[in-house]
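**Student:** Chain order of the listed sequences is A and B. Just so we're aligned, residue 0 is where the first sequence starts under numbering that gives the first Met the number 0, counting upward by one. Just so we're aligned, residue 0 is where the second sequence starts under numbering that gives the first Met the number 0, counting upward by one.
These aren't lab readings, by the way, just hints derived from the structure by calculation. Heads up, some of the hints might be wrong.
As the list claims (entries may be wrong) - A partial selection of chain B residues facing chain A, derived with a Cβ cut-off under 7 Å:
#1 R288
#2 R299
#3 K308
By construction, the Cβ of each residue, glycine as well, lies at the ideal position given by its N, Cα and C atoms.
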Amino acid sequence: MSSCSGEFMLHPHRPAALATRGLCKRFDRPAVDDLDLTIHGGEFYALVGPNGAGKTTTLRMVTGLLRPDSGSIAIDGIDALADPVAAKQITAWLSDEPMIYDKLTPYEYLEFVAGLWRIDAAAAEPLARELLDWLGLAPHAHERCEGFSRGMRQKVALAGALVHDPKLIILDEPLTGLDAGSARQVKNVLKERVRAGGTVIMTTHILEVAERMADRIGVIAHGRLIAEGTLDELRARSGQTALEDAFLALVAEPVEAA
Amino acid sequence: MSRPDTLTWLAEHELRLGWRDWLSLMTAGRRRRALTVAVALAVFAAFMHLFAYWIVAGYANADVGSTTTALMAITGVLLLSWSLLLSQAMESVTRAFYARSDLDLILTSPVSSRKVFAVRMGRIAAGSVLMSMLLAAPFVNVLAALGGARWLAAYGVVAAMGAVATAAALALTIALFRLVGARRTRLIAQIVAAIIGAAFVIGLQIAAIFSAGTLSRFTALQSDWMRANAPDAGSAVWWPARAVLGDAGALAVVAVAGVAVLAVSIAAFSGRFGDHAMAAAGVSSTVVRQRRWSQGFRPRSAARVLRQKEWTLLRRDPWLMSQTLMQILYLLPPAILLWITFRDGNAAYVVLIPVVVMAAGQLAGGLAWLSISGEDAPDLVATAPIPATRIVWAKIEAVIGMIALLFAPLIAMLLFDSLYAALVCALGILMSAAAATLIQLCFRVQARRSQFRRRQTSSRIATFAEAFSSIAWAATAGVAADGSWIAIFPALVGLALLGGVWLIRPRQT
Chain A
0 MSSCSGEFML HPHRPAALAT RGLCKRFDRP AVDDLDLTIH GGEFYALVGP NGAGKTTTLR
60 MVTGLLRPDS GSIAIDGIDA LADPVAAKQI TAWLSDEPMI YDKLTPYEYL EFVAGLWRID
120 AAAAEPLARE LLDWLGLAPH AHERCEGFSR GMRQKVALAG ALVHDPKLII LDEPLTGLDA
180 GSARQVKNVL KERVRAGGTV IMTTHILEVA ERMADRIGVI AHGRLIAEGT LDELRARSGQ
240 TALEDAFLAL VAEPVEAA
Chain B
0 MSRPDTLTWL AEHELRLGWR DWLSLMTAGR RRRALTVAVA LAVFAAFMHL FAYWIVAGYA
60 NADVGSTTTA LMAITGVLLL SWSLLLSQAM ESVTRAFYAR SDLDLILTSP VSSRKVFAVR
120 MGRIAAGSVL MSMLLAAPFV NVLAALGGAR WLAAYGVVAA MGAVATAAAL ALTIALFRLV
180 GARRTRLIAQ IVAAIIGAAF VIGLQIAAIF SAGTLSRFTA LQSDWMRANA PDAGSAVWWP
240 ARAVLGDAGA LAVVAVAGVA VLAVSIAAFS GRFGDHAMAA AGVSSTVVRQ RRWSQGFRPR
300 SAARVLRQKE WTLLRRDPWL MSQTLMQILY LLPPAILLWI TFRDGNAAYV VLIPVVVMAA
360 GQLAGGLAWL SISGEDAPDL VATAPIPATR IVWAKIEAVI GMIALLFAPL IAMLLFDSLY
420 AALVCALGIL MSAAAATLIQ LCFRVQARRS QFRRRQTSSR IATFAEAFSS IAWAATAGVA
480 ADGSWIAIFP ALVGLALLGG VWLIRPRQT
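Sequences and hints are given; from them, build the entire structure.
**Tutor:** Listed below in structure tokens is the structure:
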């Protein structure tokens with residue numbers, strides 16, 4: 000298995016942005032099975048896989064929303080199971096369904112998030128304004144979110160994920176339901192975060208997005224990491240030129256072969 | 000199966016939706032619960048029949064039709080029931096206007112929307128009639144079993160009342176749409192519904208308090224003034240009461256009038272229902288701007304941020320406000336009784352304090368559900384760098400803070416008269432609210448705030464435990480207000496109930 004090859008080291012002296020070892024979660028069947036994952040600081044990592052492969056379950060365990068049955072999770076060297084508060088302080092989570100408060104305005108929502116993350120109000124406010132501006136939400140900053148479209152809600156949620164300046168941003172299908180313009184804005188914001196030294200982990204069904212944005216791609220199936228590497232590495236391994244063909248070839252392989 | 004596009008076909012569709020909706024409400028979407036629910040309903044029906052026996056058994060064979068006093072009492076009961084039916088019907092009509100559900104499908108289909116909405120209004124009326132008949136059933140059944148079949152005529156009257164209540168609710172809601180527009184109608188209609196539901200009860204109670212110093216709802220209906228000014232026994236005003244007593248002619252008139260009023264209102268309003276529903280659908284897309292009173296983020300602790308969020312969300316939600324308003328309105332009569340008592344120097348705390356404590360428990364249960372289970376951004380809060388216990392405490396503080404704010408004026412009024420009574424009342428409120436909050440905490444689920452109306456279905460145990468807990472703490476406070484040490488027993492029951500709830504609470508994942 001190539002999950003822990005460690006060849007892609009952007010910052011060799013920094014601890015991994017995320018490291019999971021032997022991560023397991025079982026519902027009525029194993030959802031995540033002995034998963035080892037190492038993602039480095041400053042990396043854009045895409046996690047792809049068929050429906051029900053265990054992508055979301057993995058990320059929910061990493062963010063503390065689900066307790067693993069066994070295994071370990073370290074975020075920037077912090078044991079996330081032993082010290083979840085410290086791990087959460089540097090992590091942001093954005094689910095595919097934007098969960099925001101209908102009766103709050105984007106500005107109030109960001110103030111709420113900054114308060115939860117105990118960010119200095121004087122420092123958080125300019126960043127919030129910048130994010131609202133960046134995501135095209137500035138004209139709607141003082142309007143209640145109840146009338147917002149799905150794209151606008153997703154952008155509010157994204158601004159909330161960024162307002163506390165996290166080191167690690169974890170996103171579950173962030174582009175679902177977004178129009179082309181909104182998707183472009185979200186992608187630009189994420190690229191900018193990586194450029195600034197942040198780490199982004201994203202699940203997606205849109206292979207083109209993974210192909211264009213990710214430094215490395217992990218392919219997960221049946222709760223296990225079956226392949227991992229750069230786009231070229233995945234192509235070489237599968238013998239296919241297009242990522243879609245490579246993905247289909249990889250998920251069709253028996254799990255043992257990985 | 001009927002031919003598509005006919006009234007019967009549409010009615011079958013509505014009936015199927017209604018049935019599934021009710022089933023889902025009863026079983027919380029878990030079909031395996033159906034047997035348990037059936038048994039629970041049977042037990043509840045038996046209990047209600049026993050309760051009805053205790054209340055009305057004495058009237059079954061009495062010749063109650065001969066006096067104006069009896070007709071007044073029956074009419075009062077009917078009016079009281081009708082005001083509650085009207086309140087419920089207004090709730091249903093408003094919900095039908097504002098629920099998007101299949102609106103797009105209906106309005107884009109080639110079926111006449113007038114026909115569809117006529118059937119939908121019929122469904123609301125059927126629901127209202129069915130509910131009123133179910134509520135009346137234990138009383139009517141007991142009277143019929145003991146006093147003969149003539150009492151079964153009451154079912155016809157109750158059905159007619161349900162039909163008229165729906166017609167009135169339609170007319171009132173449409174009038175509100177025209178007067179204040181789609182945006183404000185929802186809030187006003189729900190507040191009006193809450194006030195109508197409570198107004199008659201409160202009005203009678205206030206009248207009773209001033210006339211006799213009691214909380215009995217029917218004292219005013221039997222007063223000398225009412226007897227002197229009521230129409231004579233032959234007046235048409237008493238037909239519904241006469242119909243209840245088995246007068247076939249009066250029953251026929253009441254039933255025909257009920258059906259006619261409903262039919263006329265459906266015919267008059269079904270054509271415009273679509274327009275109003277579309278206007279209501281547009282409300283969610285309208286912009287509500289919030290004024291900023293201060294520039295910049297305010298430095299606050301995470302716990303304070305959470306408390307503030309809960310209070311802001313409640314303050315900005317008219318629907319939730321109207322739901323809680325109903326409970327607060329019922330506090331008005333005890334407050335007036337307190338004022339009368341204070342003025343006269345009497346001590347009626349044994350009656351007053353349990354009512355207040357009970358209301359506090361019920362109100363706290365609703366608020367706790369909103370705060371703890373009705374979290375619209377659960378992932379955000381759960382991934383925040385705050386210990387889970389701290390989050391829970393902040394939410395509990397939000398609930399208790401709101402209860403304290405609402406009940407503080409009452410406690411302050413009590414303080415003027417009796418320090419002991421104020422202390423007992425404050426402790427009772429605290430215990431009742433804390434217990435209701437703990438119960439909601441033990442049975443917390445992940446839900447959206449908009450599901451508040453259905454919060455009882457998420458856990459029947461929590462609902463019953465909350466009710467019994469409020470009763471136990473109300474009894475404790477009442478007995479303690481009387482200065483008796485026996486108060487320790489209901490308190491122990493309340494604590495045992497909490498212990499039981501803690502032991503059987505579901506495991507949180």
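**Student:** Next step is simple, just say for each hint if it's right about the structure.
**Tutor:** Here's how the hints hold up against the structure:
1. Below 7 Å, beta-carbon pairs count as interface contacts, and R288/B has one with chain A at about 5 Å; its hint therefore holds.
2. The restraint placing R299/B at the interface with chain A holds, with a minimum CB-CB distance near 5 Å, inside the 7 Å limit.
3. Proximity of K308/B to chain A holds as hinted, the smallest CB-CB distance being about 6 Å (cut-off 7 Å).
In this structure, none of the earlier numbered hints is contradicted; all agree with it.
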